[in-house]
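Asks: Listed below, chain by chain, are the residues.
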Amino acid sequence: MNNFLKISDIDNLKSTIKEAIDLKDNPRKFKKLGENKTIVLLFFNASLRTRLSTQKAAINLGMDVVVMNFTNEGWQLEFEDGIVMNKNKSEHVKEAAKVISQYCDIVAIRAFASLTDKEKDEAEVVLNNFKKYANIPVVNMESATGHPLQALADAITIEEFKSTKKPKVVLSWAPHPKALPHAVANSFVEMMQLQDVNFVITHPKGYELNPKITKNSAIEYNQEKAFENADFVYVKNWSSYKNYGKVLNTDSKWMITADKMKLTNKGKFMHCLPVRRNVIVTDEVMDSENSIVIEQANNRTYAAQIVLKKILEQND
Amino acid sequence: MNNFLKISDIDNLKSTIKEAIDLKDNPRKFKKLGENKTIVLLFFNASLRTRLSTQKAAINLGMDVVVMNFTNEGWQLEFEDGIVMNKNKSEHVKEAAKVISQYCDIVAIRAFASLTDKEKDEAEVVLNNFKKYANIPVVNMESATGHPLQALADAITIEEFKSTKKPKVVLSWAPHPKALPHAVANSFVEMMQLQDVNFVITHPKGYELNPKITKNSAIEYNQEKAFENADFVYVKNWSSYKNYGKVLNTDSKWMITADKMKLTNKGKFMHCLPVRRNVIVTDEVMDSENSIVIEQANNRTYAAQIVLKKILEQND
Amino acid sequence: MNNFLKISDIDNLKSTIKEAIDLKDNPRKFKKLGENKTIVLLFFNASLRTRLSTQKAAINLGMDVVVMNFTNEGWQLEFEDGIVMNKNKSEHVKEAAKVISQYCDIVAIRAFASLTDKEKDEAEVVLNNFKKYANIPVVNMESATGHPLQALADAITIEEFKSTKKPKVVLSWAPHPKALPHAVANSFVEMMQLQDVNFVITHPKGYELNPKITKNSAIEYNQEKAFENADFVYVKNWSSYKNYGKVLNTDSKWMITADKMKLTNKGKFMHCLPVRRNVIVTDEVMDSENSIVIEQANNRTYAAQIVLKKILEQND
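Those sequence lines, one after another, are chains A, B and C. In terms of the working numbering, the first sequence is residues 71 to 386. In terms of the working numbering, the second sequence is residues 71 to 386. In terms of the working numbering, the third sequence is residues 71 to 386.
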């Protein structure tokens with residue numbers, strides 16, 4: 071693996087998921103692999119799970135880790151080409167990416183969607199410019215339109231918890247007071263399209279994700295109908311894609327409740343976290359034995375670790 | 071030791087202080103103990119000594135260290151049970167604590183008192199929720215009502231500098247322009263109650279600490295009288311406990327001066343730092359040979375290290 | 071080397087530059103040297119290159135690295151002697167420096183010029199107070215009036231790229247919308263005065279640097295004339311020194327263009343970065359094959375590493 075920007079950067083998804091699960095037996099087994107290698111984690115946005123799990127994954131592989139909160143520790147970056155830089159941005163990504171490449175062996179980047187400029191978000195300005203100008207592997211720690219490390223952790227979790235060969239997996243929108251990006255939902259959709267699952271997306275009208283991503287995935291506007299016989303219910307809020315970045319409603323009718331979960335086949339409840347209790351999902355569901363959000367978060371370490379391992383092996 | 075939340079979590083205080091002092095001969099002696107173990111330091115407040123000394127203690131024990139400034143790097147946490155999370159808090163401590171537990175082996179937390187909500191402060195909402203939901207040992211790096219790592223460093227310092235079997239130790243309030251928490255004073259009182267010392271607390275009326283903490287400790291409202299024949303003068307400001315979080319006066323008559331120190335038995339001057347010169351204490355006292363604040367700060371490393379060592383041994 | 075505060079702290083500049091270049095063959099060769107040694111990097115200002123390259127240099131030497139953004143993670147420091155600390159500053163540098171010295175083996179500090187108080191800036195209040203009160207080696211990661219690590223990286227770069235025995239080196243001022251410090255320019259001037267180069271400074275009238283630093287160095291107010299036959303063009307903005315900290319003009323006539331570079335002897339373009347494209351220099355020059363800014367930035371690692379190596383050897 072040269073870069074990990076999107077799910078399709080994984081060559082053999084099936085075996086990668088298996089390898090990630092195998093890492094759990096002995097997380098420090100490949101500690102020699104990262105020796106004398108440095109990863110820098112660049113955060114343009116807040117992070118808890120990604121911050122800690124990626125650090126842990128790198129430590130498990132024996133790497134040295136450097137963390138940088140770009141927004142307040144570095145210089146404001148310019149991403150536009152050919153611009154006269156006489157405003158508030160001090161450094162162009164061309165230099166930043168090339169320079170960072172010389173100090174580190176891998177660069178991992180978190181840069182959320184603006185949710186105001188659809189074109190810019192879809193161009194993945196931050197991630198793609200780093201990819202373009204960096205001379206080292208780039209890892210996506212959640213970009214404007216995707217969060218493939220999360221989706222890989224999700225797939226690992228489903229693999230571990232599934233009890234039938236082809237489980238039914240539902241991705242359900244749920245309400246949230248603030249406008250949230252589409253990244254997690256997008257990557258989950260793309261991941262499920264590659265898995266041997268019966269996949270259904272459910273959300274209120276107006277919350278359709280980018281059709282170029284959902285493609286032929288089934289969309290069911292009746293949430294309760296979608297939940298019937300589901301083995302996994304993956305919940306996430308996102309803002310409108312059509313009416314870009316807008317919150318169309320915060321209708322609590324779409325909140326995940328125990329009653330709705332009863333419609334499922336003892337379905338496992340999943341969420342990428344952070345989750346707003348009693349807005350997205352009731353305490354009852356969150357605290358039920360079918361909630362596997364903590365196990366899912368744990369898999370973030372092994373998703374990151376298998377990706378870093380493959381990058382290190384490629385560049386060994 | 072499973073957690074280190076308060077002084078009473080130390081089983082054998084006397085031998086622990088001795089062991090801490092012994093660490094100084096060879097701070098890296100137990101470097102194997104922390105191998106392949108990770109500690110995460112979560113800061114909800116500013117820190118200099120605690121930040122650096124706890125990192126150093128963990129490094130000395132061979133641990134990997136991850137530092138996170140929760141307030142600006144992570145998500146705002148909700149601590150109330152059963153609440154509808156539709157305001158500005160994105161994540162519940164239930165998830166945060168459980169998730170962090172999966173990435174690390176020990177979690178250390180700094181979360182100061184609000185000084186506005188006495189009940190919440192006394193409930194130790196942050197620390198106790200992490201203790202409740204984390205599955206790994208929790209270390210208190212100063213909570214709303216206590217700073218036991220500081221108190222342990224203080225006891226180590228007194229042990230090192232005492233020249234009589236049962237020294238007289240005075241805890242004196244001193245003025246400060248801002249409202250400060252009671253944590254350091256509380257833990258010092260609790261620590262002195264467990265030591266073989268003649269202990270006296272002195273402060274203006276209205277600045278009585280929580281009587282459940284001071285218990286039978288002597289309180290002398292006349293500062294000069296309290297200082298007579300003192301071997302150690304431990305100085306700290308705190309806001310009113312009764313009139314919770316209020317600054318009742320900033321009377322410079324209570325500042326520590328060389329004249330007052332002359333009343334002591336060549337008493338050593340102690341303060342946890344940071345200290346405001348010429349407000350809490352004059353330059354003359356701070357810069358005198360009887361000031362041992364720097365040595366006291368140095369002992370923060372060994373206090374943290376002996377605590378982490380005992381936790382690692384327990385969980386080995 | 072005991073401290074690295076200024077260029078003259080390097081004993082043998084010529085051999086040091088050579089040693090730094092030699093480090094590139096095997097950057098981890100001296101990994102044993104820093105074992106069980108900790109460096110703390112204190113940032114009072116933003117940083118990208120310095121932050122990452124100094125961490126990398128320390129890692130290469132096997133050191134443990136602790137990074138602290140002093141402004142938002144620690145306490146606000148007081149630097150004045152004898153002051154009554156009843157305002158917003160919580161801790162005096164006397165204590166901070168002494169305390170930090172006990173937790174670490176080397177302290178590196180970045181503290182920019184205020185550009186409002188010339189006297190204070192020239193007194194190097196932050197750096198010199200740390201030097202005065204710290205008991206461990208202090209490294210300058212850019213202070214109010216100098217950036218010797220940058221200048222050392224610059225000298226390494228010129229040594230690597232020069233094709234004549236005594237190259238012509240031009241330091242040119244260029245326009246910038248904000249008031250910038252003199253530190254980089256000062257240290258570059260001092261470094262060039264010690265090198266076997268034909269050195270010329272060019273800037274608009276009113277932008278004369280501190281004459282105690284420029285001494286007998288040639289100043290040519292005609293930029294184009296200065297560029298003639300130059301082998302290296304080192305570009306940097308700085309604010310007025312006489313009219314302290316003021317931006318006298320942002321005249322784009324002083325911007326570095328391809329036409330101006332044609333006057334040189336296929337001169338290499340250098341800049342310490344971050345650089346504002348199309349304000350300081352055109353894209354055309356930045357992206358030309360004669361631009362060596364990326365290689366220059368890479369040398370920051372080896373400049374830092376050779377300095378840390380000498381300090382570690384001295385204190386071994």
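There could be a bad hint or two in this list.
Said to hold, decoys possible - Non-contacting residues of chain C with respect to chain A, defined by C-beta distances greater than 10 Å in every case (computed):
id: 1; residue: Arg119
id: 2; residue: Ala328
id: 3; residue: Met356
Claimed, not checked - Chain A is faced by these chain B residues, among others (derived, beta-carbon under 8 Å):
id: 4; residue: Gly144
id: 5; residue: Ile153
id: 6; residue: Asn156
id: 7; residue: Glu161
id: 8; residue: His162
id: 9; residue: Phe231
id: 10; residue: Pro247
id: 11; residue: Glu260
id: 12; residue: Leu264
id: 13; residue: Gln265
id: 14; residue: Asp266
id: 15; residue: Val317
id: 16; residue: Ser322
Unchecked claim - Coverage of chain A stretches by chain C, computed from C-beta distances (three or more under 8 Å per stretch; other residues unrestricted):
id: 17; stretch: 133 to 146
id: 18; stretch: 297 to 308
In case anyone wonders, no lab produced these hints; they're calculated from the structure. Using N, Cα and C, we set each Cβ at its ideal position, and we do this for glycine too.
Asks: Next, verify each hint and record whether it holds.
Replies: To see whether the hints hold, each was checked on the structure:
1. A Cβ of chain A approaches the Cβ of Arg119 of chain C within 10 Å, the least distance being about 6 Å, so the stated non-interface status is violated.
2. No Cβ of chain A approaches the Cβ of Ala328 of chain C within 10 Å, the least distance being about 15 Å, so the stated non-interface status holds.
3. In this structure Met356 of chain C is not separated from chain A by more than 10 Å, as the shortest Cβ-Cβ distance comes to only about 8 Å.
4. For the restraint placing Gly144 of chain B at the interface with chain A, the shortest Cβ-Cβ distance is roughly 4 Å, inside the 8 Å limit, so the hint holds.
5. With its C-beta approaching chain A no nearer than about 7 Å, Ile153 of chain B sits inside the 8 Å limit, and its interface hint holds.
6. Satisfaction of the interface hint for Asn156 of chain B is found here, the shortest Cβ-Cβ separation to chain A being roughly 5 Å, below the 8 Å cut-off.
7. For Glu161 of chain B, the interface hint holds, since its Cβ comes within 8 Å of a Cβ in chain A; the closest pair sits about 3 Å apart.
8. Given hint, His162 of chain B at the interface with chain A, holds; its Cβ is 5 Å from that chain's nearest Cβ, closer than 8 Å.
9. The interface hint given for Phe231 of chain B is violated, since its Cβ lies 39 Å from the closest Cβ of chain A, which is over the 8 Å cut-off.
10. For Pro247 of chain B, the shortest C-beta to C-beta distance to chain A is roughly 28 Å, which exceeds 8 Å, and the interface hint is violated.
11. For Glu260 of chain B, the interface hint is violated, the least distance from its beta-carbon to any beta-carbon of chain A being 33 Å, above 8 Å.
12. At a threshold of 8 Å, the smallest CB-CB gap from Leu264 of chain B to chain A is about 36 Å, leaving the interface hint violated.
13. Interface hint at Gln265 of chain B: violated, since its Cβ lies 38 Å from the closest Cβ of chain A, which is beyond the 8 Å cut-off.
14. The beta carbon of Asp266 of chain B comes no nearer than 43 Å to any beta carbon in chain A, farther than 8 Å, and the hint placing it at the interface is violated.
15. Checking Val317 of chain B against chain A: minimum C-beta separation of about 31 Å lies over 8 Å; hint violated.
16. The beta carbon of Ser322 of chain B is not positioned within 8 Å of any beta carbon in chain A (closest approach about 37 Å), and the interface hint is therefore violated.
17. Closer than 8 Å: that is the beta-carbon criterion, and the stretch 133 to 146 of chain A has 7 residues meeting it against chain C, so the requirement of 3 holds.
18. Taking a C-beta to C-beta cut-off of 8 Å, the stretch 297 to 308 of chain A contributes 0 residues in contact with chain C, too few for the three needed, and the coverage statement is violated.
Consistency with the previously given hints fails for numbers 1, 3, 9, 10, 11, 12, 13, 14, 15, 16 and 18, ordered from lowest to highest.
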